[in-house]
Structures are given as structure tokens and as C-alpha cells.
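2 protein chains.
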Amino acid sequence: MTEHSNSDSKLDAQLHKEKMQKQKEKVDANIAAANIERGIALLLTGNGKGKTSSAFGMVFRALGYQQKVGIVQFIKGAQESGEVNFIREHCPQVFIHQMGTGFTWNTQDKVADIKASEATWEIAQSLLQDDSYDLVILDELTYMLGYKYLDRDTVINSIKARPYEQSVVVTGRGGGRELREVMDTVSDVKNIKHAYKAGVKARKGVDC
Amino acid sequence: MTEHSNSDSKLDAQLHKEKMQKQKEKVDANIAAANIERGIALLLTGNGKGKTSSAFGMVFRALGYQQKVGIVQFIKGAQESGEVNFIREHCPQVFIHQMGTGFTWNTQDKVADIKASEATWEIAQSLLQDDSYDLVILDELTYMLGYKYLDRDTVINSIKARPYEQSVVVTGRGGGRELREVMDTVSDVKNIKHAYKAGVKARKGVDC
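In order, the protein sequences belong to chains P and U. Heads up: the first sequence begins at 1 in my numbering, then just goes up one per residue. Heads up: the second sequence begins at 1 in my numbering, then just goes up one per residue.
Certain hints may be false.
As the list makes no split between identical chains, a pair holds if one copy fits it or if it spans any two.
[What the hints assert, rightly or not] With a straight-line cut-off of 20 Å between C-alpha atoms, the simulated EDC-like cross-links for lysine to aspartate or glutamate are: (1) 201 to 12; (2) 68 to 89; (3) 148 to 109; (4) 26 to 165; (5) 160 to 80; (6) 110 to 8; (7) 190 to 109; (8) 115 to 12; (9) 197 to 37; (10) 24 to 80; (11) 204 to 28; (12) 10 to 109; (13) 17 to 109; (14) 201 to 25; (15) 193 to 37; (16) 110 to 12; (17) 24 to 109; (18) 68 to 80; (19) 10 to 153.
In short, the hints are calculated from the structure, not lab data.
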């Protein structure tokens, strides 16, 4: 290395250090400003892959701190899923309920769908009223709102009235403006591309 | 119920059934068309919450089918995380390696960061060459590309050359056009809003 390039490299390292110091100050200030401690309401929406898997990632995040977790799956349950297999086999402490009727285009019976979604909502609501639960997952709840199978105000009011320390994760496309307003964090998972469209079959361990 | 509203309700049920039948035919045709069986390369990118948790949801999805899983975390590891606690305590069959230096604005040392990311990449690459792994998670790999700590072509070629049946999940903001091109599925997790900005502290079991 020449003396010239050596001093260039020192300058580069110094510039990097200064830039990163500024970045660190900014990050530290943001962390210091966020000091309210309470449960979070999170909505994972959008047409892309990763909403249910993200909710289940948070299940294991919570289990890593010995928290109490309840899961209600609207729609899902008619088909096998790896994450539910795992929970049923290894995590008996997790409460899980699946509506289990499949997508509404499978049942093709609106009256039966409404009845099933109302019964499932009763169970969801009991979790949202139970302060022993640290984390409640309401997987694919948004479709029940989109199809008007559940009353939007009832759902929103139950989320708002849940215990102060309880976090809730809602997943599914859509959900509407009123639901977004009541949630603390909203991520919109956009589909940029999907293997499925290129003819690749849904994969156990990734897709189901 | 009057006779009139009763017939309205029958008509509504019939229309619903027809609409759902059409939807089912469409879904069934798409499923039939997707018949290539191989591992999937998935990129979870964007500035919103849910990328790492989604990758870990897939870890448990895979474990629910007794698949073999390897995880390499670039950046993460300096701070505690619930999902890693859970894996270390309950899933000894999962290979996990963390770079563990924290974000680059914490170290403020470019030369040390490059060295750490290269050593971590060696481990990632060994998983991408091992066909006993069904699923490989490369958490926050994109930042190593963004900072040019790793060579983009080396990374992309390793992902392309991995075993045919192996799935790989890459997470992190950015990553670049070339990486997106090589991935089968790309989800862009957009931040609509975040509790953090409203002053709510990061929550164990949800955020970390």
C-alpha cells in the first residue's frame, strides 16, 4: 500500500466513523423519546407473502420471554400448516383456535360462514378481555370485516378496550380505514412478485 | 321475516354461491397451474415492521414438518431477542449463528465490520452449499450489500447455485435490483405507521 492510499484509507475510516456517530446519536435520541410502555396493536395487511408467518414469528418471540399467547385463525385451519403442527406438538401452553371452514369460496354458503365467523369471534373476544394474555393473534380477521360477516364497530371497540399491557396482531388483506386508525403499527406487505405466478407449487415449510 | 325479504335473502344466498363458485374455479385453476416442486428464494424487504418475524415464522413452519433449518443473522445478536431465546432453549436441532456486532453505527469501525461480515458470510455460504438443509434464513443480509461489505455477485451466485430443494429467505431493507431478480418471491413490507413514532417503547414479544 502506498503512503497516499494509506492516508486515503485513514480518511475514509474517519469519515465513516463520523457518519456513523451522527447516525447513532439520531437512533439513540429516537429510542429515548419512545418511553411509553404498553401493549401494541399491530396490523399486517397487503397482498404480499409474509403476514401470517410474521404473526407466528411474534408468537415465538413472545414464547421466548415465557409470555402467554392466544391465537385465533379465521379462515385458516382447513389445510395443514407447519406452524400450527409445531405449536400443537411442542407448545401446549399456547391457546389456539381455528375457524377451520376454509376460504369462503370453498364453503359457498354465506349463512354458514357468518355463523362460523360469529362463533369464532366470541372466542377472540374472550381473549381480548383476558388480561392474563400478553399477546393475541387474530389471523385473517380482516376478511371477516371485508365480507361484513362481523360488525366492524364491535371488533374495533374490543381491540380498543383490551387490557393495557396486552398486544394484539391482526393479519389479512384490507381491513378498512377505521381498523387502521385504531392500530399503533401498520405494515402493508406488498407483493412485488410471487413464485406461484411462475408455476412453482406452494412449498411446505415456506408457504404452508 | 316477510315473504318478500325471505325471497331477497334466497336470491342473495344464490348470488353469493355463484360468485364464490367462480372464485373457486379461478383459485383451483391457479393451483393446478403451479406444479413445479422446488425450493423457493424469498426476499422480505422494505421499511416496515415484520420482516425478521416473518422469516422466523417460516422457521417454525419448517420445523412443523421436521425440516432442517439454518439461520444466519447479520447485524442482529448484540441485543436479546425472544425468537432466538426460544430456539436456543427448545430447538437444539436448529443451526443458528449471529454476527453479533450490532448495527454498523454502533461499532463505528468499518474495517472491523467488513471483517465480521466476511466471516459471517463464510458460514452462510456453507449452509447454501449443504443439501441437508431444507430452509436457510439470511436475516438482514441486504445491509451487507448496501454498505458494500460483501460482494454482490458472490452472494447472488451462491443463492442461485444452492441445492434445488433448498429454500432461502433473505431479509432487510434494500438489497438492490440484481438480488430481486434472482429471488422467486419478493414482498415489500411498507411502513404505514409505527408505534415507536408515537412514543411507544419497543415491546418484548412483539418488537424484540
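*State the violated hints by number, sorted upward, taking the hints as numbered earlier in the document.*
1, 4, 5, 7, 19
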